[in-house]
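Protein sequence lines correspond, in order, to chains W and A.
Counting with my numbering, you get residues 783 to 1131 for the letters of the first sequence.
Counting with my numbering, you get residues 233 to 553 for the letters of the second sequence.
Just so you know, these hints were derived from the structure itself, not from any lab.
The C-beta atom is built at its ideal place from N, Cα and C for all residues, glycine as well.
Incorrect hints may have been included.
If you only want the chain A side, here are some residues facing chain W, beta carbon under 8 Å, derived [to be verified]:
#1 I340
#2 L384
#3 L402
#4 W406
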Amino acid sequence: MNFDFADESPKLMMLLWGLVAFVAVVGGLLLLLDVVPSWFARRREAQLVAASASGAPPPRRTRPREGLFALFFLLPATLLLLVGLVVPAIRTTLLSFMDGGSQNWVGLANYRWMFADDAIVRVLLNTLVWVLLVPLVATSVGLLYAVMVDRARFEALAKSLIFMPMAISFVGASIIWKFVYAFRGDGQEQIGLLNQIMVSLGGEPRQWLLDSPLNTLLLIVIMVWIQAGFAMVVLSAAIKAIPADIVEAARLDGVSPWQMFWQITLPSIRPALIVVVVTLSIATLKVFDIVRTATNGNYDTSVIANEMYNQAFRYGQNGQGSALAVFLFVLVIPIVIYQIRNLRQQREG
Amino acid sequence: MTTSTPTLATGTQQVDERRGTARRVRKRLNTRVATMISIVIALLWTIPTFGLFISSFRPEDQIKTTGWWTFFSDPQFTLDNYQEVLFGRSSSSGQLASYFINSLAITIPSVLFPLAFAALAAYALAWINFRGRDWVYIAIFAMQIVPLQMALVPLLSFFSNGVSLGGVTLMPAWDLDGAQKFAQVWFAHTCFALPFAVFLLHNFISQLPKDLMEAARVDGATHPKIFRTIVLPLITPALAAFGIFQFLWVWNDLLVALIFAGGGDETAPLTVRLAELAGTRGNEWQRLTAGAFVSIVVPLLVFLSLQRYFVRGLLAGSVKG
């Protein structure tokens, strides 16, 4: 075995340091908050005893230190959020108005570039196709499956099968599906399942991932494959939450399963449906790993998040990369506003 | 409701019976179609993984020349692929054992830190009275919608250049190398996880019974004491839910690791290495298949053993924006 365990010791040491830091910070904070107030309490007690002994009026009670506690409880989280999220997000917005090296202000040039460059327009269109298709297909499949296996035998097992891809990384899933799409020349035995099916149906094997726009659709299949499980679980829980007497009443009225689905099930789970579609839309907008692993964004398959990475971290174009990030953020906002309005309506209704 | 209702009203036994049979047949047909469709979906969702799994145990020349389904007519079994991809020393082999340790070293602290900080913050937001509490909560809640892409460029320059304002250095560069770079990844993952973590844990903590808290306060317990002895034990399921969530997210993440860990075998996790192998050696299926499974096995085990908590967290958290 050529693997040398000694090479790994610095990493394990670093991991140990990380754990020590964790214990020190969290334990230290709790200890500090425990010890300091009790020290104050003891001192106050001593003052009271001394005051009653000498007959002087007792010292005024200091105001409650609730706010101080809150400050220390919130300190780590808020500090990290400011340093790691808020300030960087503001800086990114500023950078999007500057040139590639972040030296000079260029106004809206980066945004103009985004909508003028044919390659980037293609990227935006691809992202649009992703956002339209993934939530629609994944939710439909998840819903269909949730309805079909509801109260069937082996329901738990059947659900686990669909849910399992959620545990697999996007990178792993992309490799799994790349293997399905694998290609070998005409006349050779195929190793990819899809081409094997093509050949056995009398067709010719194809390089699936090279042909635009089909390749984008095949990448979308990977995302749907991962996310349908999420849709299925949430919707299945919603279906089970429909009051039994409504279902029973409908059944007594002789409603067919088809009518039952459209008139009882669907309206009842509408809130869950919206949550699923919104969550999937946001996740899809940010999709990066699949495109990067399967095609590296070549052959007209790139999407915004992938292009943002390329511009900022491979071509050193911080301005253009930041502009793409800001655009991504802007795209998320209306979806979230829609979601919040829906939640509020639900509460009122 | 149905068209046959008038007939039914006449009440003849025969019609009633015929209608019952028809309904039963239609119902059975429905369940049969439903079963068929769900089996097709289930197959579509499992066969790709299954094919890759089978392939990872086939000899190299077999994987590259014949489909994995021929395994059933001509079974040949080997563990060489795993041996090669995990421990092989040539640069073209995976060396995944090394990356596996990186994944562990990245993931464990990246789960613990946000878990602890978010629990503290969520407690303060739910049970300590102070001015502006609602505003702080709303602000943290709203941060969930900021895509992490918005933070990447400045955060990287924060690590490599430090912070200076008008020529005054407020914070020196971190200047990390080798295994120390893990700290950057922990930091980034912790920041990005906090908004959702605070939101999820706040949902649970704020629903604890008010009487319990007040009784503890009357008994003279301080906030740290209540947090440690009452709240933490009660929210264990929520902590587990977020822990699994964050574990899967960090272990499976590619983007954050790619930017903050670099690509070398000193710090890069499995996902980065696998994505690289898929790009540069896309036809070396003997390595990709085994490698993919090395990366899948840990999250799959965590997931299958703790699925109950995960689903609960998902249902509680999916109300987010």
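Here is how each hint holds up against the structure:
Because the beta carbon of I340 of chain A sits about 7 Å from the nearest beta carbon in chain W, less than 8 Å, this interface hint is met. Evaluation of the L384 of chain A hint against chain W yields a held restraint, the C-beta minimum of about 7 Å falling below 8 Å. Here the hint on L402 of chain A is broken, as its CB sits about 11 Å from the closest CB of chain W, past 8 Å. Below 8 Å, beta-carbon pairs count as interface contacts, and W406 of chain A has none with chain W, the closest being about 12 Å; its hint is therefore violated.
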